[in-house]
Amino acid sequence: MTKVVLASTAIRAGVRIAAGCLGALAGSASVRAQSFVTTINTAVVWQDNATNADRADGCLEAWQLLASATTMQRHTVSRDDALLIGATFASEAWSPYSGLDQLTAGPGVGWRHKFGLGAYALAVRLDLAGAGIAARESARTGWQGQATLGFGQRFTEALRLDFGADLTRTDAHADVFTRTTGGLAAEMSYDFTSRWRLKTRLGWRNGDVVSYSRAAWTYWGWQPANGYSYASTTPPLLVRTFDDPYLAYRIRAHTWSYTVGVSPAIGRNTALTFQIERAETSNATARYVNNLYSVGLAHQF
Amino acid sequence: MKRLILPLALLLLGARVAVASGTVQVVCEDEKHQRVADAVAWLSQVDAPPAKASPPAEPVTIEQRGQEFAPYVTPILVGTTIAFPNRDSVQHQVYSLSKPKRFELPLYSGNARETVTFDQPGVVTLGCNIHDWMVAYIVVLATPHFAASGADGTASIGGLPAGRYQLEVWHPRLAGQVQREIVIASGDPAPQIILLTLKPDRRIRRAPDASGGGYR
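Which chain is which? The protein sequence lines are G and Z, in order. Anchor point for the first sequence: position 218 equals 217 in numbering that gives the first Met the number 0, and the numbering is continuous, going up by one each time. Anchor point for the second sequence: position 198 equals 197 in numbering that gives the first Met the number 0, and the numbering is continuous, going up by one each time.
Don't read these hints as lab results, they were simulated from the structure. Possibly wrong hints are sitting among the right ones.
[Claimed, not checked] Computed list of lysine-lysine pairs in DSS-like fashion (alpha-carbon distance at most 30 Å, straight line):
1. Z/31 <-> G/113
2. Z/98 <-> Z/198
3. Z/198 <-> Z/100
4. G/113 <-> Z/98
5. Z/31 <-> Z/198
6. Z/31 <-> Z/100
[Stated by the list, open to error] With the C-beta cut set under 8 Å, the calculated list includes, among others, these residues of chain G facing chain Z:
7. 74
8. 75
9. 185
Quick caveat, the model's predicted, so the values are computed rather than measured. Even for Gly, the Cβ is constructed at its ideal location relative to N, Cα and C.
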């Protein structure tokens, strides 16, 4: 009940912010809108630990197919400020564990400020996004809200650095999938040529994660097959998402992630990305690693 | 005296014949002998003051089309005015931070209300404050004798009076200065083949990044 109240409060707050922005837009004669810019993003990801398991017997490999479309309209407020309003539609398909499949859709609003003129001026961005989550397993269905604050600085035509902080809240039907996380990230991109880009990213995240453990039926009900006791912040939930029964735990942990990738442009508005990411999550009682290998394609219309 | 008058008259006649008849073909090639487009070649007279010429009465045009500037390189005479019409459906905010001409056209669609007159020689780099990859160059010259090379790498500079000239070439990626002295007598001189040492193309990439998913 508390969760529903929290979610509805967050939604109402989001609606008020959006309404305020639209009101400000309507009230300002100098604000000018331009046409929508749409970007599509797809990626095929293979990962070695789809269950976020900290025991080898619980780790399952899986494929993810990601697709998203974001459309944003830019409203110029002043020379250095712009407001972006738009929406994102995304899908996530898993193989062979289709129980993890989900669709998300929701609005987004962003503010951009440049400290000066030109490509080399420091830029700051604030993005607020909300989305409804429709998952194949109803326990995972719910709402998500995210706030991101970022700074970007281009040093040369080839070198750019970005720093970002984000706060994400997911409210799902099942408590175990309801989580709050905060993160920091630093990203560098370097263009060796006008076609080839090197990308590196260092990320840190703290908050709730869902870790799964293979389950075994005992006299006391479903228990971790390895006999280990996890420091779950909610009662564990038995899921049939995978081939065998697993228990889902929500734990508080922090994650360091290291990403490196290369991105060749295959057209003026199109690029591929080949990327490797390693994420190490730990807390006092658990530690697991995710290795992700992905090929992505982005196109801006 | 008679012996002097006749050659002098012939010389003057020859010089007059050469006026506005000389054309120099400047062929720009890179180190691999590939033709180089968007190089600007210009000639300055060595033994005479700079040729007097008036900038065009109508503004020269640099368009924004497909979120790029067109043309990429535009040579102009000092005092020339340029218009920056926006042929895109999105707005652009054209600016220059270059010393010879600093300016900014506030965000606009269609034809910009303002034109810009370039009254100092030098290279002016154009950008768009919204689309960082958009770049173009204006080469503002004190001489009327100039041309930009096309896709075939050739820049044709015509209407040259006879005399000694300093030929200079510029390109956005040029690694060093290129200068050469040439003489225009009667008739067109042989094409000037200029070898350019070019730096790698370091334009800001336009294509977006694809995200590679991520852990949850």
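Structure-based check of each hint:
1. Proximity of residue 31 of chain Z to residue 113 of chain G is assessed by CA-CA distance (about 41 Å); at most 30 Å being required, the pair is judged violated.
2. Proposed proximity of residue 98 of chain Z and residue 198 of chain Z is supported: the alpha carbons are some 22 Å apart, at most 30 Å.
3. Among the hinted pairs, residue 198 of chain Z with residue 100 of chain Z is consistent with the structure: their alpha-carbon atoms are about 25 Å apart, no more than 30 Å.
4. Of the supplied pair hints, the one linking residue 113 of chain G and residue 98 of chain Z holds, its CA atoms being roughly 22 Å apart against a limit of 30 Å.
5. Straight-line distance between C-alpha atoms of residue 31 of chain Z and residue 198 of chain Z comes to about 13 Å, which keeps the hinted pair within the 30 Å bound.
6. A distance of roughly 35 Å separates the Cα atoms of residue 31 of chain Z and residue 100 of chain Z; the hinted pair therefore is violated under the 30 Å criterion.
7. Hint on residue 74 of chain G is violated. Least Cβ distance to chain Z is approximately 10 Å, over the 8 Å limit.
8. Here the hint on residue 75 of chain G is kept, as its CB sits about 5 Å from the closest CB of chain Z, short of 8 Å.
9. Taken as an interface hint, residue 185 of chain G does not check out: its beta carbon lies about 15 Å from the nearest beta carbon of chain Z, beyond 8 Å.
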